[in-house]
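Colleague: Please construct the entire structure, taking both the sequences and the accompanying hints into account.
Protein chains in written order, with numbering that gives the first Met the number 0: chain A, 0 to 395; chain B, 0 to 288.
Since the hints were made in silico from the structure, they are not lab data.
Some hints here could point you the wrong way.
[To be verified] Under the rule of at most 25 Å between Cα atoms (straight-line distance), these lysine to aspartate or glutamate pairs were calculated in the DMTMM-like manner:
| hint | chain 1 | residue 1 | chain 2 | residue 2 |
| --- | --- | --- | --- | --- |
| 1 | B | LYS25 | B | ASP103 |
| 2 | B | LYS161 | B | GLU119 |
| 3 | B | LYS25 | A | GLU272 |
| 4 | B | LYS161 | B | ASP173 |
| 5 | B | LYS25 | A | GLU302 |
| 6 | B | LYS25 | A | GLU303 |
| 7 | B | LYS25 | A | ASP306 |
| 8 | B | LYS161 | B | ASP103 |
| 9 | B | LYS161 | B | ASP181 |
| 10 | B | LYS161 | B | GLU171 |
| 11 | B | LYS161 | B | GLU104 |
| 12 | B | LYS25 | A | ASP21 |
| 13 | B | LYS161 | B | ASP190 |
| 14 | B | LYS25 | B | GLU104 |
| 15 | B | LYS161 | B | ASP210 |
| 16 | B | LYS25 | B | ASP45 |
| 17 | B | LYS161 | B | ASP150 |
| 18 | B | LYS25 | A | ASP310 |
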Amino acid sequence: MPCLAVGSHVWLDRSGLQALIDALMAAGHRVIGPQVADGAIVLRDFGDATQLPHGWLDEQDGGSYRLSYDPAAGTFDHVVGPHSLKNFLFPPRETIQRFERNSESGTEGVWQEQAVAHDDRPLAVIGVRGCDLAALAVQDAVFLRDDRCDPAYAARRANLFLVAVNCRRSAATCFCHSMGTGPAVTTGFDLALTEFADRFAVAVGTSAGADCLVRVAQRTALPRCTAAEIDAIRAVPRDLRAQMEARLPECGRPRPRSLDTAGIRDLLFDNLEHPRWRDVADRCLSCANCTLVCPTCFCHSIEEVADLSGDHVARDRRWASCFTLDHGRIHGGNARPTTASRYRQWLTHKLAGWIDQFGTSGCTGCGRCITWCPVGIDITAEVAAIRGTTDTEGGA
Amino acid sequence: MSRPPPVFAQRPSSSAPSPWQSHLTKVMAIRPETQGVFTIDLVFRDACRGLRFAPGQFSMLHLPGIGEAALSIASDPAAPSPVSHTFRAVGNVTNALARRGAGDEVLVRGPFGRGWPLAELRGRDVIVAAGGVGLASLRAAVCHLARHRDDYGSVAILHGAKTPADLLYQREYDRWRGAGLDVFTIVDAADARWPGAIGVVPELFADLDVDPGSTSLFCCGPEPMMQAVVARAARTGIASGDIFLSLERNMSCAAGFCGLCQFGPAFVCKDGPVFRHDTIAAFLAVPHL
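Modeller: Written out as C-alpha cells, the structure reads:
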C-alpha cells in the first residue's frame, strides 16, 4: 500500500482514471467532467473515462471558440469551456422557497411554507483548473458569509469533491498568471492530476482525497512518486506559467492576454467617467453572455412562480445579469439605463468593487468572458485602455 | 495504512442564518395616508413577539404568487407590535398590498440593513430632511427622537411634498411638536388656501439656526432632492461625515447575495440603506452608477 498521506504524490496509469471515477461513484458521488458536446467542451455527468475529451484542443480568442482534434494531445490539454463549477453549485435556476395555500384557513394560517427538496447528492468534479478553484473560493465568500449563509449552496459545497488538473497548455484568452490563480493548483482540491504521456501524477489534497485513493488502490497500483519525479510534476505548471509570461503577439495568431492589476481598484473608481465606457458601449450588445459564463458572477433575481390555481407558489432563484435593464430597475426609473453604465457596472464590480466587498478580485483570469462575447470585447484590453497603456481602438 | 491521514483542509462552510426565513403576519389595519400612499400594520404570528428592528431598517413584504417588496419599517421601534410600513402603491406588489384588508396574511423577511446611527449621535442636534414618501424610512427615527428627546439637542424635521395633501403623517405633527421636535413643511405647489411655504426642502434650512459643528443630518427622498439637501447643508457648514442618506435600489434577496442593489462597492441592502455621506459622495456624483 502506497503512502496516501495528504501532500503525497502517486502515479495513476491511464486506465486508472476509470478506477477513480468508479471509486467516486461507489462513494455515492454524481461525477461531472469535461466532455465534447455541441462543438464545445462542457461539464456534464459521466461515468466512463472514454467520455473525457482525450485529444481535443480548444482554440480560443475574442468571440471565437473552435475545437480541433490532435491524437497526440492529452485528456486535459483543453482549457476552460463555457461551463464552470458555478453551473452546479449555484445552478441557473433553483427553487429556494415554496408556499401552499390551505383552502380552509386554520389557526396555522392560509399560507404555509413547504420544505424545498434540493438535489443534495454529493458532486465530484473532475478536471477543475486553478482559475476555477479560485472562482469557487470567490463564490464561497459570496454565499458562505459569517453573518448570512445560503443554505442550498452550503449543502452542495459541503459535499463537493474536487479532482483538479494542473494545466500544461493555455489558450490565448487565459490570463490566470496575471490574477495569481494558476496555472498551478496549489490548494482547495481533494486530488490534483498532472498529465504525462502515459500516466497521471496525483497529488493528495485532503483526507477525503486520500480515502478515495484507498479505494482506487484496490483496483490499480498507485506507485509513489520519487522526489525527482515530484520536481518534474511541479515543473509542468511552472513551465506553463513562464511560457504564459513570455507570450508575445504573433502575426496571424490570437493575441495572448495579460492584465496589469497594480492599483486596479483605484484606477477604475477614479475613472468612472472615462470616455472608454462609451466606446465599449458602442460595441457591447448588452447580451449578458459574459456574466453567464463568468465563474464568479453571482447576481440573481427571485421569480415568483404560481400554478393556475394560485395555491402553489415557488420562488425560483435565477441568474441575473447587470447587462439587463431589470437588474437596476427601481420605481420611477432605472439605476443604469445605458449600455455604458451597465458595462461599467460589470467591469468595476468585477475588478474594483469586489475587492471592497470580498477582499479579492472577482476576476480569476479564466478568459471566458473574452471568448464568449459575441463581439469579442476583451476585459484585459478595456482595462489597458483605461490605464492608457494601449491605444483606444476597439477590442474586437 | 496504519492511521487515517490528517485533515488538511476543512471544506468551507458557514452556520450563519439563511436570508430565506419568512415570518407569517396578519394585517391588523391598512389606511390611506395621502393620494396613493398607504400604511399597513402587521401583527407577527410567530410567538406574537413582533419584530426587533432599528430605525431605518427595512423588511421584504411577500405576497405569494405576486412577489416581494422592500419597504422601510415606519413604526416606533419601542412598540414591537404592530409593525408598520408606509408605501406608495406603484408596482404589482405594492398595489396588491394596498388591496389587502384586516386579517389578510402577509409574509415578511427581515429586518435587514443598517439604519440611522441614533445611538452614536446622542447629545447632538439632528435635522431630519424628508422628501415625499421618504419620510416613511425616517418615521421610526422620529419616534425614537421624540421618545428620547432629552438625549439630543435641537431636533428639526424638514418635510417637503408635491402638494399640501401629499405631506405625510400630518396628523402626527402636533404630537411631534408637543414632544419638543420642530416640524417644518414645504410644498412644490399649492393653491391660495395653503398658508405655508412653497418651494423645496433645502429652502427650509433658512428657518433653522444651525450650529454646524454639533449638527447631524438624516435625509431620505428622491436622489436629486437628497443631492440638493446635501449641497445646502454643506453651505451651512455641516460636514459630509455628519450627513446620513438612505438610498433606494432594486432588491431581491435583501441580504447581500443577489447583487441587484449594488452602488459602487456597496450593497445597499446590507451596507445601507443608510450611508454616511462621505463614504459614498464620490459615487453619488456619478450619473447612472
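Colleague: Holds or violated: are the alpha carbons of B/LYS161 and B/GLU171 at most 25 Å from each other?
Modeller: 19 Å, holds
Colleague: Is B/LYS25 close enough to B/ASP103, meaning Cα to Cα at most 25 Å?
Modeller: With Cα atoms ~6 Å apart, B/LYS25 and B/ASP103 stay inside 25 Å; holds.
Colleague: With the threshold set at 25 Å, check whether the alpha-carbon distance from B/LYS25 to A/ASP21 stays at or below it.
Modeller: 54 Å, violated
Colleague: Take a quick look at whether B/LYS161 and B/ASP173 sit within 25 Å of each other, Cα to Cα.
Modeller: The given pair, whose Cα atoms are some 21 Å apart, holds under the 25 Å limit.
Colleague: Mind checking the alpha carbons of B/LYS161 and B/ASP210 for me, to see if they're no more than 25 Å apart?
Modeller: 29 Å, violated
Colleague: Quick one, are B/LYS25 and A/GLU303 close enough, alpha carbons at most 25 Å?
Modeller: 21 Å, holds
Colleague: Between B/LYS25 and A/ASP310, is the straight-line Cα distance small enough, at 25 Å or below?
Modeller: Holds, at about 18 Å.
Colleague: Please work out if B/LYS161 and B/GLU104 have their alpha carbons no farther apart than 25 Å.
Modeller: 33 Å, violated
Colleague: Check whether the Cα positions of B/LYS25 and A/ASP306 lie no farther apart than 25 Å.
Modeller: 24 Å, holds
Colleague: With the threshold set at 25 Å, check whether the alpha-carbon distance from B/LYS25 to A/GLU272 stays at or below it.
Modeller: Distance ~48 Å between B/LYS25 and A/GLU272 Cα, so the pair is violated.
Colleague: Starting from B/LYS161, check that the Cα of B/ASP190 is at most 25 Å away, please.
Modeller: Given that 25 Å is the threshold and the Cα spacing comes to 12 Å, the pair holds.
Colleague: Take a quick look at whether B/LYS25 and B/GLU104 sit within 25 Å of each other, Cα to Cα.
Modeller: Holds. B/LYS25 to B/GLU104 sits at ~5 Å (cutoff 25 Å).
Against the hints set out earlier in the document, violations occur for numbers 2, 3, 8, 11, 12, 15, 17.
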